[in-house]
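If you're matching them up, the sequences are chains X and W in order.
Take 1 as the starting number for the first sequence in the working numbering and just add one per residue.
Take 1 as the starting number for the second sequence in the working numbering and just add one per residue.
In short, the hints are calculated from the structure, not lab data.
Backbone N, C-alpha and C define an ideal beta-carbon position, used for all residues, glycine too.
There's no promise every hint is true.
Pair ranges (Cβ atoms, derived) [said to hold, decoys possible]:
1. E118(X) to F45(W): 30 to 40 Å
2. T271(W) to D71(X): 18 to 28 Å
3. K127(X) to R182(W): 33 to 43 Å
4. A267(W) to R13(X): 32 to 42 Å
5. Q86(X) to S188(W): 20 to 30 Å
6. E244(W) to D109(X): 37 to 47 Å
7. V164(W) to D26(X): 37 to 47 Å
8. R182(W) to E118(X): 50 to 60 Å
9. G162(X) to S188(W): 24 to 34 Å
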Amino acid sequence: MADQVAISVRGLRKAYGGTPAVDGLDLTVFRGEIFALLGPNGAGKTTTVEILEGYRRRDAGEVSVLGVDPDQADARWRCRVGIVLQSTGEFDELTVAEVVHHFAGFYPDPDDPDKVLERVGLAGKAKARTHTLSGGQRRRLDVALGIIGRPELLFLDEPTTGFDPEARREFWGLIRHLAAAGTTIVLTTHYLDEAEALADRVGVIARGRLIEVATPAQLGNREEALATVSWRTPDGSVERVESATPTALVAELAARYDGEVPGLTVTRPTLEDIYLRMIGHR
Amino acid sequence: MSTATTTSTQPAPAPSRRVGPLALALRQGRLEVRQFLRSRESVVFTMLFPVVMILIFASIFRGELGGGVRFTQYFVTGMIATGLMTVGFQSLAIQIPIERDRGVLKRYRGTPMPRWVYFAGKVIMVAVIGVAETALLLAVAAGLFDLTLPQTADRWLTLGWVSVLGITACTLCGIAFSSVARSGRSASAVATPVALVLQFISGVFFVFTELPDWMQQVAAVFPLKWMCQGLRSVFLPEAFAAQEPAGSFELGRVALVLAIWCVVGLALCLTTFRWTTRRDG
Numbered sequence: 001m002a003d004q005v006a007i008s009v010r011g012l013r014k015a016y017g018g019t020p021a022v023d024g025l026d027l028t029v030f031r032g033e034i035f036a037l038l039g040p041n042g043a044g045k046t047t048t049v050e051i052l053e054g055y056r057r058r059d060a061g062e063v064s065v066l067g068v069d070p071d072q073a074d075a076r077w078r079c080r081v082g083i084v085l086q087s088t089g090e091f092d093e094l095t096v097a098e099v100v101h102h103f104a105g106f107y108p109d110p111d112d113p114d115k116v117l118e119r120v121g122l123a124g125k126a127k128a129r130t131h132t133l134s135g136g137q138r139r140r141l142d143v144a145l146g147i148i149g150r151p152e153l154l155f156l157d158e159p160t161t162g163f164d165p166e167a168r169r170e171f172w173g174l175i176r177h178l179a180a181a182g183t184t185i186v187l188t189t190h191y192l193d194e195a196e197a198l199a200d201r202v203g204v205i206a207r208g209r210l211i212e213v214a215t216p217a218q219l220g221n222r223e224e225a226l227a228t229v230s231w232r233t234p235d236g237s238v239e240r241v242e243s244a245t246p247t248a249l250v251a252e253l254a255a256r257y258d259g260e261v262p263g264l265t266v267t268r269p270t271l272e273d274i275y276l277r278m279i280g281h282r
Numbered sequence: 001m002s003t004a005t006t007t008s009t010q011p012a013p014a015p016s017r018r019v020g021p022l023a024l025a026l027r028q029g030r031l032e033v034r035q036f037l038r039s040r041e042s043v044v045f046t047m048l049f050p051v052v053m054i055l056i057f058a059s060i061f062r063g064e065l066g067g068g069v070r071f072t073q074y075f076v077t078g079m080i081a082t083g084l085m086t087v088g089f090q091s092l093a094i095q096i097p098i099e100r101d102r103g104v105l106k107r108y109r110g111t112p113m114p115r116w117v118y119f120a121g122k123v124i125m126v127a128v129i130g131v132a133e134t135a136l137l138l139a140v141a142a143g144l145f146d147l148t149l150p151q152t153a154d155r156w157l158t159l160g161w162v163s164v165l166g167i168t169a170c171t172l173c174g175i176a177f178s179s180v181a182r183s184g185r186s187a188s189a190v191a192t193p194v195a196l197v198l199q200f201i202s203g204v205f206f207v208f209t210e211l212p213d214w215m216q217q218v219a220a221v222f223p224l225k226w227m228c229q230g231l232r233s234v235f236l237p238e239a240f241a242a243q244e245p246a247g248s249f250e251l252g253r254v255a256l257v258l259a260i261w262c263v264v265g266l267a268l269c270l271t272t273f274r275w276t277t278r279r280d281g
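Generate coordinates for the entire structure from the input sequences, incorporating the hints supplied.
Next comes the structure, spelled out in structure tokens:
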């Protein structure tokens, strides 16, 4: 079902001055899904995404984005792809509304600029000059410009950097809303909770390769990972046991302590634990 | 399981709703003019600089060039030319690297906007500001320092084509030169000395023929000298042609040199323009 594939990458390679940044990367993103790319700085996330966006040329490999090779990006393709770059330029002397209205004019069937501003939470700032915006507000403007053309596919490179927790929640709502309307979303992020909250699937990039793709719950066999059971022993120290059958262990402890087990916790590795293990920081 | 390609399942954007190329260019131009006018520094330094200079020059050199012609009549030509060069060459050679640094150019590249529209916007801005600035300069010089404006349609026509050709050459060279600066911060340091040196050797601040011979030769390679010379044919009496280096205003050569610079500038723009910074790869 070629129709279902939004992005297809095979054997992607890109080197800078002989040093490989992307080294044989394979990736498939399906239409309508939210795909998160995780990876440490320098792993090749931004290089990969900018190749997919048509900003950089690859050294080798096959790339198809919405059925088009991004190296051959034309205006029609650009109409279908929304881009929120990692750091983007502002138009200091213009107002938020002026910038969004101006960019709407580049697209054949743009969204209503005022509604877009409302959706990204900038309606109250429509008349503000862009240089007066806070970091988080600038990012919302970036997102507004990314979605003004009603893209089929939206790239978001670290979109919530600089957001306060409340703004991030609002932003997640916006992304879910776009995905529910059928927009395919590819985002890179440093925040594992963001990937967990938003992504249908997560891909982990390390050393220029995609080392694993899974749902956030299944990443690194997280579901099958051993649980850690810990409790306080009568002498006051904390006992910690890794167990494949934590329920049985807890039942046994309950019997041993005849009821409540002091200081009982049962945990599985967080996405962050799994991720750090995968990229070799543990 | 269809064999249809991905693109065929997506209806092509309706071309009827797309803004036409001319309208796109005009919108871009309006945006650029608005940005320019809202930036106080650019208004003061670009628009008012020639006016301030003519105020200073006309106040210092109150005398006559000879034959009842005031110095103002001579220096106004240099001020018009230098004004056109400032808005065409200097402002673009400084503004574009800053926009490139900030990622404004990269952002445009990510939209369906045709690339030429960006340049069209700059050209419209330069043209609007150039006309406004020249009009202001002439009004001040005529009002305060008795500048004699051109009396014949012929001379107005020359003023028109020398200005248009000159500002076009400067604009194209400014866009081309914008790729020289490594960063937005260094852009001003790179572009300003070039403009300043050209002003000194091209007869903007001094009577051109009083400059050393070799300096005149160097200046003759660049457009500013020819812009000044063409404008002198507009503002000075016919008799002054004899005082030019070649004994005439050489309007044919003025047109030729400026046209060559337009072609060179355009070729450089098309071959060397960078939409991203060097570190962006």
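These are the hints, each one checked on the structure:
1. Taken as a hint, the range 30 to 40 Å holds for the pair E118(X) and F45(W), whose Cβ atoms sit roughly 39 Å apart.
2. The given range of 18 to 28 Å is respected by T271(W) and D71(X), whose C-beta atoms sit roughly 20 Å from each other.
3. About 36 Å separates the C-beta atoms of K127(X) and R182(W), a value consistent with the hinted range of 33 to 43 Å.
4. A hinted range of 32 to 42 Å holds for the C-beta pair A267(W) and R13(X), which are about 34 Å apart.
5. At about 27 Å, the CB distance of Q86(X) to S188(W) agrees with the hint of 20 to 30 Å.
6. About 59 Å separates the C-beta atoms of E244(W) and D109(X), a value inconsistent with the hinted range of 37 to 47 Å.
7. A hinted range of 37 to 47 Å for the beta carbons of V164(W) and D26(X) is inconsistent with their spacing of about 56 Å.
8. The supplied range of 50 to 60 Å is broken by R182(W) and E118(X), whose beta-carbon atoms lie about 41 Å from each other.
9. For the hinted restraint 24 to 34 Å between G162(X) and S188(W), the CB-CB distance of approximately 29 Å keeps it satisfied.
Going through the hint list in order, the structure does not satisfy hints 6, 7 and 8.
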